[in-house]
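A.B. asks: The hints should help you fit chains W, X and E onto chain G, whose structure is shown.
Chains as they are written, first to last, in UniProt numbering: chain G, 1 to 388; chain W, 1 to 388; chain X, 1 to 388; chain E, 1 to 388.
Calculated directly from the structure, the hints in this document are not laboratory data. Take every hint as true, because none was put in to throw you off.
Label-pair distances were calculated between CB atoms; the ranges are: (1) SER56(W) to THR232(G): 36 to 42 Å; (2) ALA132(G) to PRO36(W): 49 to 55 Å; (3) GLY81(W) to LYS214(G): 29 to 35 Å; (4) ALA39(W) to PRO154(G): 37 to 43 Å.
DMTMM-like mimics (lysine to aspartate or glutamate), calculated; alpha carbons at most 25 Å apart, straight line: (5) LYS320(X) to ASP236(E); (6) LYS320(X) to GLU265(G); (7) LYS340(E) to GLU37(X); (8) LYS320(W) to GLU264(E); (9) LYS320(E) to GLU265(W); (10) LYS320(G) to GLU265(X); (11) LYS320(X) to GLU37(E); (12) LYS340(X) to GLU37(E); (13) LYS320(E) to GLU37(X); (14) LYS320(W) to GLU239(G); (15) LYS320(G) to GLU264(X); (16) LYS320(X) to GLU264(G); (17) LYS320(W) to ASP383(E); (18) LYS320(W) to ASP236(G); (19) LYS320(G) to ASP40(W); (20) LYS320(G) to ASP236(W); (21) LYS320(X) to ASP383(G); (22) LYS320(X) to ASP40(E); (23) LYS320(G) to GLU239(W); (24) LYS320(W) to GLU37(G); (25) LYS340(W) to GLU37(G).
For each residue, glycine too, the CB sits at the ideal point set by N, CA and C.
Protein chains: 4
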Amino acid sequence: MTFRTGRHFLQIPGPTNVPDRVLRAMSAPTLDHRGPEFADLARRVLDALKPVFGTSGPVVVYPSSGTGAWEAALVNTLSPGDRVLCFETGHFASLWREMAQSLGLEVEFVPGDWRHGASPEAAAERLDADIAHRIKAVCVVHNETSTGVTSRVPEIRAALDAADHPALLLVDTVSSLGSLEYRHDAWGVDVTVTGSQKGLMLPPGLGFNAVSEKALDASRAARLPRSFWDWTPVIDANEAGFFPYTPATNLLYGLDEALRMLAEEGLEQVWARHARHAAATRAAVRGWGLDVLCADEREYSGSLTAVLLPDGRDADAVRKIVLERFDMSLGTGLGRLAGKVFRIGHLGHFNDLTLAGTLAGVQMGLELAGHSVGPDGLAAALDHLRTN
Amino acid sequence: MTFRTGRHFLQIPGPTNVPDRVLRAMSAPTLDHRGPEFADLARRVLDALKPVFGTSGPVVVYPSSGTGAWEAALVNTLSPGDRVLCFETGHFASLWREMAQSLGLEVEFVPGDWRHGASPEAAAERLDADIAHRIKAVCVVHNETSTGVTSRVPEIRAALDAADHPALLLVDTVSSLGSLEYRHDAWGVDVTVTGSQKGLMLPPGLGFNAVSEKALDASRAARLPRSFWDWTPVIDANEAGFFPYTPATNLLYGLDEALRMLAEEGLEQVWARHARHAAATRAAVRGWGLDVLCADEREYSGSLTAVLLPDGRDADAVRKIVLERFDMSLGTGLGRLAGKVFRIGHLGHFNDLTLAGTLAGVQMGLELAGHSVGPDGLAAALDHLRTN
Amino acid sequence: MTFRTGRHFLQIPGPTNVPDRVLRAMSAPTLDHRGPEFADLARRVLDALKPVFGTSGPVVVYPSSGTGAWEAALVNTLSPGDRVLCFETGHFASLWREMAQSLGLEVEFVPGDWRHGASPEAAAERLDADIAHRIKAVCVVHNETSTGVTSRVPEIRAALDAADHPALLLVDTVSSLGSLEYRHDAWGVDVTVTGSQKGLMLPPGLGFNAVSEKALDASRAARLPRSFWDWTPVIDANEAGFFPYTPATNLLYGLDEALRMLAEEGLEQVWARHARHAAATRAAVRGWGLDVLCADEREYSGSLTAVLLPDGRDADAVRKIVLERFDMSLGTGLGRLAGKVFRIGHLGHFNDLTLAGTLAGVQMGLELAGHSVGPDGLAAALDHLRTN
Amino acid sequence: MTFRTGRHFLQIPGPTNVPDRVLRAMSAPTLDHRGPEFADLARRVLDALKPVFGTSGPVVVYPSSGTGAWEAALVNTLSPGDRVLCFETGHFASLWREMAQSLGLEVEFVPGDWRHGASPEAAAERLDADIAHRIKAVCVVHNETSTGVTSRVPEIRAALDAADHPALLLVDTVSSLGSLEYRHDAWGVDVTVTGSQKGLMLPPGLGFNAVSEKALDASRAARLPRSFWDWTPVIDANEAGFFPYTPATNLLYGLDEALRMLAEEGLEQVWARHARHAAATRAAVRGWGLDVLCADEREYSGSLTAVLLPDGRDADAVRKIVLERFDMSLGTGLGRLAGKVFRIGHLGHFNDLTLAGTLAGVQMGLELAGHSVGPDGLAAALDHLRTN
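If we strip away everything but chain G, and leave its shape as in the complex, we get (with noise of 0.2 Å):
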């Protein structure tokens, strides 16, 4: 690679470009997680994280991925040999239903073609059929990161009311929270899964639950063995401001200057930011005669997209180029889509300049590839940028 210079690109859908404030933030000496100072630090970020998950009940945070925050939804709630419903929407998907099944839980795998988001009219069916409630769990991840593809949750929570299906809803909002609508109380999930380095604007290193009543019920009864992800030790030691293990000070230190910018933009800007560059995307990609891999315009992601290139082309090549001549990061086709897409984070710390710049490299080298698109995809973002 060339030498570059000028600040990096990061527009992979996560870890997003972390603000300035929040690595300064982060850059404070590390002090006691037993003394008094930690202890205010503790319970401000645990109350400024309500909001932004839409919750009122305790949100547990680990020093983990969000992975590890998937783990902890799981073996906190469920007994081994439990059956949980799962969507084929992507690779994370995916890759939710092999930790399930590692953890000794049984899946319904509801398959899919990774361009739609979990069915609601599978979720009732399937729901509906399962007249002795084997079916302890209803597994959704919120936002597909592999594709851009966002899940309607609500509509997922009817099929379980509709059915009177007691099962818990467990969503993963890893590439969703703080940048999309979420709501864990009005919507009634159980529990919320997600990590730090997406829309919550800090790098990786945090996993979150945010925890329901009937989750907590659970807890008391499942019996996959569990001692690290344990939610009860931490929920207690949270009402004085510890945790029961070191936790992990200084990202905690930019988790609350990150809820604190989140706060300072408010919630419904930070979705609708989200949505209009999105849109603006989209517009590109359209401009550029490519197709976005989300089929269903309901479901159209706000954090990233993903472009179909057609068949025969190398999407990886593409990638490759932008970071070679342009020292912009796109992110890979995963799984079943590896070479066939690229992925446009536009997510995070972020804005129209910014994602102007983006699009411009997308489309030099979508060029230099060898793909005839013209200037019109740029154009047709600005359009967007410029009159909404």
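C.D. replies: Chains W, X and E in isolation, oriented as in the chain G frame:
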């Protein structure tokens, strides 16, 4: 608390004072964890970790606390109902025992008085008696952070060897690695567990497992459910410089810098520095007419010193005065030592004058709390520093 | 202003976007400016500055602005009542003239139209006419930050040589050094004046004088009062790596890092990069149907482009929209250009996609301000970037 | 030097240990110095400076060292050949005298022994004798950084008043402002000169002039050539939150934070803290059987203590040992005090335990250099800290 000026003295036995160099390194922009620049970083860090553990085998890095790394050690090597041999060396050994029980293991717990390390004699006795080899692992806390006692790991190893016992040897080095002499390979340890926030001079947020061949073999048969903690996918992905889930990028930046610092100083010199500071601290404690909690001089810890107050005196009262008057955090007495001891951390990024300031603060705090300790403690410590 | 998210686009022609590496370097603890570690730093920085100026002679570093470095150039070389030849190339040349007058010098000011550089022909004429050698110094602004016009310094030197005129040649490179080709020794410059906040990629706060032998000789006879700016004690103290008064330590840390970055990229490559971005910017301006202020293509600036709006159109209205809607700072019209031009900085730590974002912001801002410029400007710029 | 670990002890009398908060604030991205956000910052900082100087008048901030601010005080108020009254209080007073001479002023220099402050009696005598009012300014160094002696400025003012003398009173507070009691308005000072790197807790790089109405009047008639240092354009531009040339943006960020810290602690408390630490330091010096250089207890400095060694003993040998063995920088003897004294800075961002570490280092260094000082010095200092 009154307004604080100057630098806080963080003299708990970890988290330790993170070097400015490390904090600055951590504030670099987050990058693409699937890109070539990250792969270079990951390989460099994974290589540089090996000599610090004294191993030529793999070191698995988790986005987690040290406690998480304990769980990893257990779930990768053991099966439900397996028996493990633990030693009641203090609070953290007791927590590890609880974790093992929570995960479905059966713990044989050698009782202790919290003033000695794991007894090689007791180990020999239990192992010799275990003709059926029901004990699958021996768990030792190398340096008990709650007591300032360092167990003699090579003698435990010798007991295993003498008994020709196949049990794995799992060692917690959370408060010793990068501070005290430690040799994973040479000492025949199977899993070494540690965290980032002590001798590695980072904020908390990373957990580590150094893994022997024998442990890897054991992991193939182990049946405790595991997914997040599973070594295999991590070790496989690490080959190419990647991780199976999003790693804690910015902590890895810091680790890269911290490992550079350890290499610059030289591990032998790092160990000698800690030993020298510990000896100076004990000289101070004796100069004050107080007792070091550790009852066996072969087991004095180089990274912290627990100071035992006379019966009826409240150690937390001293800590409170020291925090409020002198802006220094000392370690509290944990578990059964609550109120009886305070702990002085002298590990990590540390030097003679910071130790002098630390001991001056303890001395003044003791006086203010009504202990007529006089000036001889600090004077003895300075004598030690000056003449060694 | 609405809430801002993402990174501000600081596209004024300086201060420029300071690299994160430089900001982090500046945040290291301040050290003893009389100690050995500082001396190492100072010598390293003073050496590394020389190639950037293209000199083998001394470079004097002041804790000051670039304006202070102008004053240093004058008071070290001239005496009360001395005549200096200046050229009305724009706002900063006019300020330099005023400074010379304030300090008691007599200024011969060659008038100009603010669209051309210093005229070598006019220089030749004035110098030829000055048979008595009353002109003691010729002052040229290499790159007029107010107009985006680069004077042809070698041709001014040629005029001095042709006239066999002994006047000193003083050159302001505030917005060109580290961005445009510049050669202090090869071009026969006597004092090169610059500041830290443009091509050197630092925050403002340092001023520089590169000094020829001839200028040093002149300083021995010069009689303008001087103390703070006096070269001699600085150059003398610099031998040992020190300064006669407290230097701006942390800015020097940043300078150390910035010079490392310039060396990594390579000066020739730095110059080529700036020229390429300038050409792309001019392509955009033409694509919008607007005029570049600079009227002579030999004098196009590589570091900034001033865009001239049609008569009656307010350039500051465009700037205001761009700042409020797109969080980008553009340069205002200065002096007689107020309201008539805006200036786009494309210098320092910069890259293709940031330029693309910048030009996208200008294009949208022009449209929103009622200029029907259409999308061709940005498209032309991207064509240039993609194919060069 | 051997490898250094832990934090360097920067105990020269400035630059001082910059708080982490300030370093972090300084690492924010540079912004447009002509934009609205900068104007807010500038106005906030300029307002917050006033109480620190004890003035309701303007404070002019230069991108410069404190020495530059001296030059500003002289060139704004005086004319060639003007007489100024200076006092030989130490090295910095001597440098100021040299500067005045270099700038074309005539200096009446009251001799001194470098162990006392400016003599109010001598001042009275000289002023009374100056019936023709040829003395245009009286220059006093409030706190002589080379000696640790604080001149009694109010008594100098009283001498001026008693003589009914119209001379301006110019005071250097480089090592006192923000540390020692100081009141520009109440004490009738005309120009207060300071720098950023001591009590203001910033890195070096900013110079300051607080300016009285009378000084402003004098500036209208003063004829020393000036341009960069001219108060008027700065004060005029400051009205709107701007500067006539590019200000040192990132140091201003730091100043903003440092002023916030001074306000949080409270100036009276800041002064008391410095006085207390100075008293403890003197107790140590006496406990070691050594002499404080300052010979008049009314003039003890709160910000530094110069320690006088017995005849024939080399103070720099002590400093060298302390630096190499204990990684602490102490101030060297300057000018005629070279080798005779070392100076302990106890100013700025500082606290009891850092002082304890500092004095422990000095005590050990003295012993190692062959001074049998024993432990009583540090013990006495700690007694003072503990009981006050």
